[in-house]
Amino acid sequence: MTRGLAAAAMLTFPGVAALIALTGSDPASALRHAYLIPVVALALALGGAGGTLGAGAALVLHAPVVLAEIERAGLTPETREGLVTLAVVAGVGALVGVLTTRARRQRTRYETLLAIQRALTGATPLDAALGRLRAALIECLRVADVGLVVRDGERLVVAGGDRMAEGSLAAGVLAAGSSVFVPDAGGGCRPRRVVATLLLVAGKHIGVLAVERVGELGGDERVALEALGAHVAVALEHARLTSRQRRFAEELERSVAGATRHLEELDRAKSAFVAIASHELRTPLTALQGFSEILAARSQAPDEVARIAGIMRAEAARLGRIVSDLLDLSRIERGLAPTLHRAPLAVEPVLAATADLFRRGAKSAIVVDCAPALPRVDADPDALERILSNLVSNAVKYSPPGSEVRLGARRAGAMVEVEVRDRGVGIADGALARIFEPYYRAAETSTVRGTGLGLAVVKALVEAHGGAIHVESARGAGTCVTFSVPAVP
Amino acid sequence: MWALSQPWRPGTRPLLADTPARLLVALACVAAASRLLAGRTPLAAVAMRVVGVAAGHGALLATALAWAGCGRGSGVVAIVLLAVAAAAATVRPAGALAYLSVPLWIAWLARRRRLAALGLAGPVSRRALLAAVALGAVLGGHLLVSASLTLGVHIRPDGVAAVLAALAYDAGANVLAAECFFRGALFNRAQRRWSRAGGLALATAAYVARYLVDPLLPKSVEWLVGATFYLTLLGAGNCWLFWWSGSLVPGLVGALIFFTGYRLLGTGP
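Residue numbers (this note's numbering), protein chains in the order written: chain A, 1 to 489; chain B, 1001 to 1269.
Treat the hints with caution; some may be incorrect.
Said to hold, decoys possible - Rough simulated footprint, nothing fancy, chain A against chain B, three-plus residues with beta-carbon under 8 Å:
hint, region
1, 1007-1020
2, 1183-1193
3, 1242-1253
Keep in mind the hints are simulated off the structure, nothing from the lab.
Glycine residues also receive a C-beta, built at the ideal position from the N, C-alpha and C atoms.
Please work from the sequences and hints to get the whole structure.
Structural data, given as structure tokens:
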């Protein structure tokens, strides 16, 4: 279309000149105005260059007519009209050409802005977004190459090259903080103009936009490129914020889903706990009720009374432990640490007493093995007894008959580490991370008595002392629970 | 991309970098000496013509070759060839054919790819050549028509031999030196330093000025205005051809065709 219009315009010039020559070569011939048609057409087709070319062609063709008449007859009204026509044609050609060029550049700018928005739409990583942006800019700006360097946290994301070399123009612009125009980057028969402009958002340099064109890159185009750099920077910042917001929303969604799952599991565990706790509370109560009825119904032999009393004491103690666990759990869930009455305490006697307590009726051997010269610990005696009772009770419950449960203690810096090791069934990997959660009971322990509160209470008590607890376990090889409490300085 | 991968240092080379200043001063001294001797010896006029051609065109050609990175030797060879050709042309018209040794020397340098910076390397676009022929023919034809209409100048009566001798001078000295310097060197360097329009304006202005001070141009107002008009168009057109095609050859062709028209008017050496 453009080329056709330009070609038609070029062919019109000799036609107009021939018509003027055929009608008497009058400088004031009405046909002289016809030169405006190809001049304007060329200006519309080719912009400023076309307007100038058309005006030049009209001048070259009409000047001999006017100048020859001036040479012959001097400045007559006709020759003056001819001269005015030459000036008008030149002015119109230049003006229409310049306006056409400006209008095209303006259109290009709007198209470029749209292309930038389109390129940065969508949730893609910054590298891919920059690649798309670079392709769009090359197409819209009709340039040989475009390079983009954008800071993304500590790293620089580069489009248009593998990396930004030290001492390169882009590095210089980023360091100096001002745009640079290189009139010729060298090589080639035409100059290779390069302009590198900063990408600025709220006064902060976020990167560099470098544009390379073989040919002209005028002053107004460079100013427009700087403005474009500002648009690119804002668009990139928006894209980055949108991407971050989207990531945040996804993370939030995942967190909410996880929390919901956790709450559902907790709810299920609490329901299960109510059933288990009811059962666990009823069992000792039933025993106490039954044995107390036996004692009330008839007199028993002293040995039998002693035996029944022993059973009743054990069941009452069990009941007491469950109630204590429930009270502690209640405090934990309210975010309160268990109340401690700390005092200097020798560990070995506590371990021995716990071992003695569980040896009665146990199918496993319980061995105490403490390091020599063990310092005393700063702990609540009741809390330490409950911690050990819970751990040893679990070790005995899950150990096969005839196996060995070892209790040990050793110094570890400012702490004393206590270890309870069994050779029982062990804990599955999936359950290991959750055994300290309240109400949690591993699936394979459903046949063993327990409330699912013990280890949660143990952990809370150890942490209330300022210690730590961890578990190592392997299926079929046993479990080792180690906790620490502070030694008396 | 260049801006990301290549080293960059701020600043640009001076416009007149690599100018063979000592050679130009020497040429100026020789030209001044020949002018001083003019009229004192019988051979002074001939010597002045030879020195004028060698110094004038040689300075342009030597500067263009030096800017292209050819070294001073190439320019000196060109000056010597120009001097010999000018001397031969003074002996007899056919001696003007010696001017063709200069384009041969330039072609030899171009073949060795030493004149790529002047746009004398690689193939030449056929479209650019056609455009150059059109430009030269339009301007030359226009010159013939308008000169005959306005100035009453007619085709020169002194025959084909004189026209051919003048064309040999144009091909070997006038057009070649002007195109090499004003387009291949000056415009090329200026457009790389500023802009195409700036380079075109500078090169064209210098080109027109060079012909306006040429002692061979008739010094009447009509001729001066005409020369300014046509040489401005020719210079600007050749700058555009050089920029468009990347080659100096179309400009050489266009200028030669234009000067053919000019020589037909009965002017020249």
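Q: Taking the numbered hints from earlier one at a time, note which ones the structure violates and give those numbers from smallest to largest.
A: none
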